[in-house]
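So the sequence lines, in the order shown, correspond to chains A and B.
If you're matching positions, the first sequence starts at 1 in the numbering used here and goes up one per residue.
If you're matching positions, the second sequence starts at 1001 in the numbering used here and goes up one per residue.
Certain hints may be false.
Unchecked claim - Below, computed lysine-lysine pairings styled on DSSO-like, alpha-carbon distance capped at 30 Å:
| no. | chain 1 | residue 1 | chain 2 | residue 2 |
| --- | --- | --- | --- | --- |
| 1 | B | Lys1098 | B | Lys1117 |
| 2 | A | Lys86 | A | Lys135 |
| 3 | A | Lys86 | B | Lys1085 |
| 4 | A | Lys147 | A | Lys61 |
| 5 | B | Lys1008 | A | Lys7 |
| 6 | B | Lys1022 | B | Lys1008 |
| 7 | A | Lys135 | A | Lys219 |
| 8 | A | Lys219 | B | Lys1085 |
| 9 | B | Lys1098 | A | Lys61 |
| 10 | A | Lys135 | A | Lys147 |
| 11 | A | Lys196 | A | Lys111 |
| 12 | B | Lys1132 | A | Lys86 |
| 13 | A | Lys147 | A | Lys168 |
| 14 | A | Lys219 | A | Lys168 |
| 15 | B | Lys1132 | B | Lys1085 |
| 16 | A | Lys168 | A | Lys61 |
| 17 | B | Lys1022 | B | Lys1085 |
| 18 | A | Lys219 | B | Lys1008 |
| 19 | A | Lys219 | A | Lys61 |
| 20 | B | Lys1132 | A | Lys219 |
| 21 | B | Lys1008 | A | Lys196 |
| 22 | B | Lys1117 | A | Lys61 |
Worth flagging that the hints you see were computed from the coordinates, not collected in a lab.
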Amino acid sequence: MPASQTKRTVIIAALAILATALLLAVLLRAAPSAQAAGQTAAKTEAPASVERWLHVAVTCKNEDGERVRVNVPISLARTVLNSIQKGDLNHGIVHINNAHVDDIDIRAILKAVRTAQDGEYVTVEGRDSNVQVRKQAGMLLVHIVDKSGKHVHIDKAKPPVEENVDVKVPLEVADALFSGAADELNVSAALDVLAKHDHLELVSVQDSENTVRIWMDTKTTQD
Amino acid sequence: MPVPLMGKVLLGMTLATVVVMKDGVIEVNVQENHPGGSHIHIYLPATVATWGVHLAPEARVREHLRGKDREGLAIARVALREMEKLPDAELVEVESLKEHVRVAISDGNFLVDVNDKGDLVHIRFPVRAARKVVEDLEADAPPET
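Chain A extracted, bound-state conformation (with noise of 0.2 Å):
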């Protein structure tokens, strides 16, 4: 064989060497995932983000001990919702045509809570609920203690169990809601603001049959 065929075949067999080194490469690195089949959801521990995460979990206190968890990067609600144009929704803003509060000047109100000093502004105690509104802190909090009965305990022979709301809510994130028209409600912008947030708790459900919790930091998955 001559020479300049000999080296023309070592070069071609390295390029073909380095091809399939390639393809290997590719595909041993898509091979880890097949193991993660059967195992339990490994628990990912990504580096702390500056991306704000909203986490929702619910978790039933019934025989199967179902528990849903929910985890959705703020930046992606935001987009996906200013994405939507069809009836109400609008690019982010909520029209509520029919809400009703044509008698009632929210922005009026939540001025006067802003500068208003921290306090309890609402308890209303009733023979079915208890609610409870106040501020603390550049937060609105909503406590309802409801009492009618309605929830069940899931041992039928108890009697009915309270169901406990907590809403938790920054002033500021309702006045961006509240920024736009009469009748909209600019969830976009709540979002944004919202975001600014480093760690919040903002909504906690609890009753004898499910727990709901939402919140948001910067963390990817929930502990």
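Given chain A's structure and the hints, the job is docking chain B onto it.
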């Protein structure tokens, strides 16, 4: 090995590498948890999925996409484009005594893991490829009336 044959092998390997690297790999792993249960484990270049949209009969695709699906595809495209930027994360997890479903993002791939009473399903699909499929479908979708 004769040089022409070596050249063909080289060309084949290079093409395969380019195809795989272009859009990533789709992985499907299904294991049935009973005696004689089947076990299917396949890897496919994600490019196959994007080609599939072009190879499918256009009239059938348009028929399926008639109606309000165009808007849904547009929203999906926006969502997928945003998801391409996400770090590794667990998006949804549903767990009970009998089932475990997990949807996550890892290295730019959707991971879907299902454990249904021992029957296991694992799917890995590149987010970028999913976005390209949606974009192609959106382009093929008939205009809204």
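| task | Quick one: which hint numbers does this structure break? Sort them smallest to largest. | result | Failing hints, ascending: 2, 18 and 21.
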